[in-house]
Amino acid sequence: MKLAFLKKIRVILSLIFFFSILFLFIDFRGLIPTEYFKPVLYLQFIPSLINTLGGLAIAAGGFVIVIILTLLFGRVYCSTICPLGTLQDIFSNTYRRFKKKKYYRQLKSYKWIRYSLFALVIIIFFSGSLIGIYLLDPFSNFGRIISAFAKPVLVSFNNYASFSLQKIDIYFLYPVEMKGTSLIAITFPFIVLITVLVMSVKTGRLFCNTVCPVGTLLGLISKISLLQIDISEDKCKGCSLCERTCKAGCIDRKNKTVDFSRCVGCYNCLTVCPSGGIEFKSCFTKKNKNNGINLDKREFIKKVSIYFLTLKGISLAQVKIIPKKESTVPIYKDYPVSPPGSKSIKHFTSRCTACHLCISACPSQVLQPSFLEYGFTGMLQPLMQYKDAYCNFDCTICSEVCPTGAIESILQEKKKLTQLGKAKFIKENCIVYTENTACGACSEHCPTKAVRMISYNPQNTIADKSLTIPEVKEEYCVGCGACEHACPVKPYKAIYVEGNPVHLLAKKPEEEKIEKKIDYQEDFPF
Amino acid sequence: MKRRDFISKSVQAGLLAGSTLAFGKDFLFEKTFAQENYDLVAVKGGEPAAMFDKAIASLGGMKNFVRKGQTVVVKPNIGWDVSPDRAGNTNPQLVKRIIEHCFDAGAKSVYAFDHTCDDWTRCYSNSEIEKAVKDAGGKIVGGNSESYYQEVSFKGGKKIQDAKVHELILQSDVFINVPILKHHSSSGLTISMKNLMGIVWDRGYWHRNNLHQCIADFPLYRKPDLNIVDAYQILKRNGPRGVSDADVVTLKSQLISTDIVAADAAAAKLFGKEPDTIPYIKIADEMKIGKMDLSKLKINRVIM
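Chain order of the listed sequences is A and B.
If you want the working numbering, it's the position in the first sequence, counting the first as 1, plus 275.
At position 279 of the second sequence the residue is numbered 271 (the working numbering), and the sequence of numbers has no breaks.
In isolation and in its complexed conformation, chain B is listed as follows:
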């Protein structure tokens, strides 16, 4: 069975590579020649995969982040046992496309996981992310066993300076953070920084010890190499799980940035909130983890 999968996937990968050659570079990497050094790219009006093609192209393509032979860990939000239309988890189409880009850039292997809240096997399957990852040729890994988590420590945090972090984060060359923008009952909004709670074992500790400060502290351990904020469908209220699809608004947007604070600030704006009203964004800005003031950033705005 595995062998058959492998063969069919090799054929798929071959076809993709072949069509890329046939249709030219623009098929995947649009306008790579015109790229500038943007701090943030915002795309609107397309499907998740197509928007990502545009966004990554304007950052010079995935090859700027993933080099040949490297291992990549993609961290979507798979926290809840809900279907994709409920916007509780990252869009599976987006996850799939990201992994495809990683492989096109020459990645040796791509892993995806999340430390879910609901029962993880159900989250993985109902979110359709497990299938998306496998279809793209990536490996989906569990995140709900403490045995995966390794003790790390880092400097500069005001409330946390150590944590148990998933071994994939320690082992992988490239770390791509793929949160979904959602209303969140604990932290106001969950975006890129909040999504990092899913690579940590003991989240209760954060909740007990000034949640906002902990969220702002943690990127000091390791900032993701790229943050891709899925704002295709968002939870406008009742987050992070949502009660029904009445909580969902289709924004058809996407943000990508290497600056985790800038990504969260822009996402907060998209949601309709000022970034400085979300304590952890403000704290992270003050701690110089990234820049919250969007007016000082070079932003590429793409409307499809």
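Extracted from the complex, chain A is given alone in its bound form:
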């Protein structure tokens, strides 16, 4: 019973990690300073791994610490640091609180599923796509679930509360409009949420021991952990409490063995054992068990590689925005716009795990989950959705919060000269051309005046001599999408941003000072 305190430490740590990460994803008012994001997420395995593989700062190597921890104590990551792990514990504990059957049962190891899924992820990764990793990564899945479901619920509560308070003249809260929540963007997180919910309620941590690639990798590492949980032959009285409390289902009471590669380090067994029969043993002294991995799956691997090589070809296909109504000139975009700091679509899609933290943090909500704009292998990775909003000129928040380095930190001054795409003007759709009445919403919103208004009076036929029409000077355009968002024409905009596959440098707007001496004592001009 001496070791029971370990569970308490585990619970406290897991709640600290869980809630601090949760707050980052639900902070719709932007109350948490962006400096806190990266430290809080430092130990998240996949983001940190990708960040380091991307060649960014050794400081990004939080995953090394996780590996060291695993080498020492086993998969403590899964029960403390991983927010999806804690979420599963919350689900299963809540369920068991209201159910008669409070016990877990011993589970098969499902080795075949576990290692083939893991192998698949690795193969997809080496064929050049992150999709396997990010669809299964626990952190990114947690992020997507929270952004897609918890945040909207919180925002709805906030909106309800803010309207109630405004009735009594209190304006401390304000309503927030959620933009662009598309069905596609929530379908995948919904499937994962249901899977995680059902699996955790029925089988504890089976998800972590079959689906999760981090769980599998750390499981492999934990086979050589220094300190491993084991059942003492002498002290164990065979009461089976440990087996029934093990949410990983990795304790075999009959044979008095623990499959440590599946142990998530929750230490619940230490707490329940009445006779102190669960103890730590060094990997060297532990009973030798037959844990051979069957890696003879060459045929399978070969097939999978071929399949995904083909997919890579598909992902390069252009994506059309299909017009809904026939009225003016439809828009075809060759490339989507990736966020500032992401350098190029390739750089971005090869590092983004679609955790949607940038989507949560983006104050203008211009960042939205993609569908097929980046191709099949880029599904759910965020893009700049100018239908809903546009990128705030002075804002660099997405680059400050990204945990994987897909969006690299970018200074405000540099961001203001980074060309994400170029504005394209379709005169035939423009109000000025079709109606001969003034507009200029695009130019109004343009922060660099790459879109400017020039005199418009074809053949001197228009009575309004002040009429002007937009003109785009692409070299000054930063591709922020303000023009596209502001353009009032329906259904197709008269101006849109064509993404740059590789971000370019925009020309700095000219700043010629207006020479004007003003005599403040001079009479008024009227």
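Treat the hints as calculated values from the structure; they're not laboratory data.
Some hints here could point you the wrong way.
Calculated pairs, DSS-like style, for lysine-lysine (alpha carbon to alpha carbon, straight line, at most 25 Å) [said to hold, decoys possible]:
| # | chain 1 | residue 1 | chain 2 | residue 2 |
| --- | --- | --- | --- | --- |
| 1 | B | K261 | A | K792 |
| 2 | B | K228 | A | K788 |
| 3 | A | K765 | B | K156 |
Listed next, the stretches of chain B that the computed footprint assigns to chain A, with coverage defined by at least 3 CB atoms under 8 Å from CB atoms of chain A [claimed, not checked]:
| # | stretch |
| --- | --- |
| 4 | 84 to 96 |
| 5 | 107 to 120 |
| 6 | 178 to 185 |
| 7 | 268 to 277 |
Ideal placement from N, C-alpha and C gives every residue a C-beta, glycine not left out.
Keeping the supplied structure of chain A fixed, place chain B upon it in accordance with the hints.
Only chain B this time, still in chain A's reference frame:
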């Protein structure tokens, strides 16, 4: 926290009221006895707050517009995420002073909002208007949620006769319009009438349906009780957002008028444009919304 704010603000308000008593009425309301019925007051050469003190005094003080216990909505231009020196938004010092005058006149509460173009939380804070409003004891309210906007309709408009308008405009007793004078790429200039687009939800509709006519039509719904044109620093080009501070000219001027067309006509002159070259001013004059011909108006010109 709120309670502490409240106490500190009460103390501030008390001090202000006390000093007003101590220094006499002229401290805030200069020469109220000499007032005439001006159509427009133009002030030049001072700081925004000081110019407003002069201007409102020559219209008989804020008490002519705000009575005890009334609610007031102040509508500055907070459209852009830029700092005050970029002249993209109304001067915060001016907004603060206006709200102080409202409270001195006995206003029960004073609200300020704008339907911004850039992300509204950033506009509110970087424009420093949020702080100015709070410092003066007013309430700053969001304008970027459709739920705030109520359907209204009105007669006489040629292009628009209905719109969704911010509920504060519907609820408040007094409506004070505080635009900043700026170059504007859609409408030529943005002043008082154009500033009213910020109390409407669907601006795209205006852009699609003859912008100038819509701007001229809309005051038929509700004319502001007072228009205060901030021309302390103006955007001479690249408006309404401006590209850099090189676009800014310091005019140190201010115009106030109950006639929204006259205020815009005088502001156009200050900018260096003839009012009749701005279509919406000309249309509004023809629709008799106000008077564009400044020679027919009684103007008080004050140079500080």
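Quick rundown of the hints versus the structure:
no., hint, in the structure
1, K261(B) x K792(A), "holds, 17 Å"
2, K228(B) x K788(A), "holds, 11 Å"
3, K765(A) x K156(B), "holds, 19 Å"
4, 84 to 96, "violated (count 0)"
5, 107 to 120, "holds (count 6)"
6, 178 to 185, "holds (count 3)"
7, 268 to 277, "holds (count 3)"
The structure fails to meet hint 4 from the earlier list, while all remaining hints are met.
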